[in-house]
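Q: Single-letter residue listing:
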Amino acid sequence: MSHHTLRLLAAAVAVSTILPLAAHAADKAPAAAKPAKADPALVAKAEKLYLDSFDPDQPRTHLDRLKQDEAMALCSQYKDNPPAAVRAKIEKAQLETIRFPVEGRLVGDWKKGEELASSGRGGHIGKIQPDPKGTARGGNCYACHQLATKEVAYGTIGPSLHNFAKVRGYGEDIARYAYMKVYNAQAFSACTNMPRFGYHAWLTPEQIADIVAFLMDPESPVNKD
Amino acid sequence: MRNQRPGTPNAARAWLMAGSLAFLATGSALAQDKSMDEIAKYREMLADGNPAELIEMRGEELWKTPRGPKNVSLEQCDLGLGPGKVEGAYAQLPRYFADTGKVMDVESRLVHCMQTLQGYSFAEATKNWYSKPGKESDLVALVTWIGGQSNGQKISVPAKHPKEAEMVKIGEYIFHRRSGPQDFGCAICHGQDGVRIRLQDLDNLSQPKGAQKAMRTWPSYRVSQGTVWTMQRRLIDCMRQARWPEQKFPSDAVVALEMYLQNKATGGVLESPGIKR
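Residue numbers (UniProt numbering), protein chains in the order written: chain E, 1 to 225; chain Z, 1 to 277.
Bound conformation, chain Z alone (with noise of 0.2 Å):
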């Protein structure tokens, strides 16, 4: 059905999970009450296996059936490993194509494959990018099976290609950069150690440490979106967050502060598709 993840049986990924939660019942008793019911949700979910399981095997599925115009499959897209090798592509992305000359993530490369491969224009083949309950994307799905064929492996993005050491750099500027009408950036929450968010613990993602724990288990099912979102997915809402404008997608921006992310966060293993709040 899908690869085996080493080492983590589903009850112990369980028991990982709410202990990672734990954080929610820090505090007082109040804040314990409302965290509860938000844990007793997980446990629920748990329960049967994370639901991204089942996006994962429609990814699969997505990326053997030939599809497009030019009624093809994606096994012959070139993830970065070379054709049709889907297994550790994940845990290595960004990377520079040489083929398209960007530095390009999942998202974005799936969507070149789709174009080049299947004969999709740009616009089909971005149209229907995110998920919503009731409404799945093929795109998420595709990246969710990507995603999962990485399980149990390292984060490597070293950058050594100067074109991938430059996006380091470009979105270490991203990440610093503050605009909008709260003076916000990445760093004002997740540039320091040891603080939150009302209760939500912040990652302090310019440091390995923090980007691992935040890196590793993407893409992830969202307890509370009812859907897996991808990283694509995550940092534009970030944005939104920040009361920046909506960004394209797929958006040289996001792959820039992934690369910037995926960089500090190599050496970590990826636990995907994880699960959250």
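Bound-form chain E, shown alone (with noise of 0.2 Å):
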């Protein structure tokens, strides 16, 4: 293990340690039934029908997006719901995905973050209804979550994040957390809901930073209204 993962290593525990309510509010309730497994036969099936049911006629790019690494593999075979083992096995490889911007800091932009939570666009591929060419892929971090309440428009499958700085502090400790769980939320909570936006890349690491700050200003809407 390098000295980098290590030093991640503490600072998550320390946050963790920390936050327990911040580091778990995130996380799904634990489904009531027992992790089952699900029966390899029926998984080989199930994989041959489903990759044999996509159009082969598209970029190769684009049907790579199906693939499966140990994280959505594991998962996807537990329901989202796998044993503890399995469970910390799932997290302490995805912390150690986690990078840092060049520049190190954490706290960017608010209003660039707002802009990154507002939108749910980017992405979409296919022949029927694609973006068009060099769209700019959102955070959409509003579809699950309530941040600033003037938005309205808010889901709910996330926990509320109005006030999150107001109510978690605004140390450099929860920006950190902030920015981990940005980037890759399973290093927390394995199987969550939440995609991993730094570890898809689908953002950078200073537009994870700006989100941070949209999270941690004191100026932002989130904590000032």
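Certain hints may be false.
As the list claims (entries may be wrong) - Using 25 Å as the maximum straight-line C-alpha spacing, the simulated SDA-like pairs for lysine to any residue come out as follows: (1) Lys-102(Z) - Val-43(E); (2) Lys-127(Z) - Val-43(E); (3) Lys-248(Z) - Pro-132(E); (4) Lys-48(E) - Lys-102(Z); (5) Lys-127(Z) - Glu-53(Z).
What the hints assert, rightly or not - Listed below are several chain E residues computed to face chain Z (Cβ distance under 10 Å; list not exhaustive): (6) Pro-56; (7) Cys-75; (8) Phe-100; (9) His-124; (10) Lys-127; (11) Ile-128; (12) Ala-143; (13) Gly-155; (14) His-162.
Keep in mind that the hints were calculated from the coordinates and are not lab data. All values reported here derive from a predicted model rather than from experimental measurement. Glycine is no exception: its CB is placed at the ideal position from the N, C-alpha and C atoms.
Two chains, each in its own frame: build the complex with the hints.
A: In structure tokens:
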């Protein structure tokens, strides 16, 4: 394990010690059912049927979106409810994927972050209704979270993040936790509903820092209104 | 003109629809303003009945008219209840068909009938599989009419045949399968009760109540799209929104998902064709 990874682990441990609520409030409520793994023979058959159902006449990069990494495969097979040991294994591996902005600034421009939180654009492919070329990808945080109160069209799949820093504090530890959570939420909560925005390079580290600012800046409407 | 819609005259249907839209009006005053426009649009559409009914009529005509290289109608097409038996067929699809050895939904079965009875090639039968405003699909019109012939009937997909039971399990696996640049899977949004995305309420499709609510109004006229969408179209669009690549048509993965959802929705009463946002 590298020095860098150790530091990350230490940061995560520190953050989750300080922030037991923050770290777990965003997680799915544990499913009532006991963790059960899908039958491997069924998985093999279903995977073949599924993958054969896609139009092969499209760019390889499009079809690559169907590939699963270890976390996706395990979460699928356990219906997002893996047993504790598998959960721990996923979280450890995901924590090691987190990278920070080159210039080291975790808190960027909250106004840019607000735009990213509002935009659900980008990334749609296929022949029927793709996004126009060059469409910038948004984070679409409002699809699932309440943030600033002036935006009423917010979803409830994730917890409310209104007053994010007002409730949790404006310190660097909280900013670091927020950054890591947006970058790879599965580092804290295996198989969470939340996309891994940094891991997939859906957003750049700098864009994630802008979203962190939207959550953390005292002037941001998340904390001010 | 078309079969009677038992117990739901148009006015009652309109009010039911308006009621089911009331969720849009919850939340703040601003949310209400936004959604009032949408509701006004719906009311306008509903005042003259469901536009899908015109498409249904066209579907009936297409079913009965001799067409294709063999110049025969689809009237001998077997949708699962025997050749030519259409009433109640949609409510029992997808199902296993011994002649093809496959579980098929209404669209894959229609494509099969167009090939075997009318002599169309697969490419011809599938080339115009979805409608957009100004470019109505024959296949969608046929599905709309066939769906309407099950209006008022209970969805009944018990999956007793081993191939059907297996397809339910495959559908369930696909429902929970996660992939793509946003780590999505159907269950992310549709696997829990009482949540919404933006202001849109989400049904928990993994439970009978939610599955029934979602499945009983297809095929459906979609006001936002200005045309009728079938379940294949709906699910292929879900996959687009999940940022996954595009499916073939007809798609076995979609048939598997339909099988899983119709099995869960069994017992729900069809109100078809529906009308939606």
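Q: Would you mind marking each hint as holding or not holding in the structure?
A: Taking the hints in turn, this is what the structure says about them:
Between Lys-102(Z) and Val-43(E), the direct Cα distance comes to roughly 19 Å. Compliance with the 25 Å bound is thereby established for this hinted pair. Taking the CA atoms of Lys-127(Z) and Val-43(E), the gap is near 31 Å; set against the 25 Å cutoff, the hint is violated. Pair hint Lys-248(Z) plus Pro-132(E) holds up; C-alpha atoms about 22 Å apart against a cutoff of 25 Å. A C-alpha spacing of about 15 Å is found between Lys-48(E) and Lys-102(Z), which places the hinted pair at or below 25 Å, so the restraint holds.
The suggested pairing of Lys-127(Z) with Glu-53(Z) holds, with an alpha-carbon distance near 24 Å, which does not exceed 25 Å. The closest approach between the C-beta of Pro-56(E) and any C-beta of chain Z is roughly 8 Å, which is under the 10 Å cut-off, so the hint is satisfied. A cut of 10 Å between beta carbons decides the hint on Cys-75(E): the least distance to chain Z is about 5 Å, and the hint holds. Look at Phe-100(E): its Cβ only gets to about 21 Å from chain Z, farther than 10 Å, so that hint breaks.
At about 6 Å, the closest approach between the beta carbon of His-124(E) and any beta carbon in chain Z falls short of 10 Å, and the interface hint on this residue holds. Satisfaction of the interface hint for Lys-127(E) is found here, the shortest Cβ-Cβ separation to chain Z being roughly 6 Å, below the 10 Å cut-off. Contact between Ile-128(E) and chain Z, as hinted, is supported at the beta carbon level, the nearest pair being about 7 Å apart and thus within 10 Å. At about 5 Å, the closest approach between the beta carbon of Ala-143(E) and any beta carbon in chain Z falls short of 10 Å, and the interface hint on this residue holds.
The criterion of a C-beta within 10 Å of any C-beta in chain Z is met by Gly-155(E), whose closest approach is roughly 4 Å, and the hint holds. Hint status for His-162(E) relative to chain Z: violated, with the closest Cβ pair at about 13 Å, above 10 Å.
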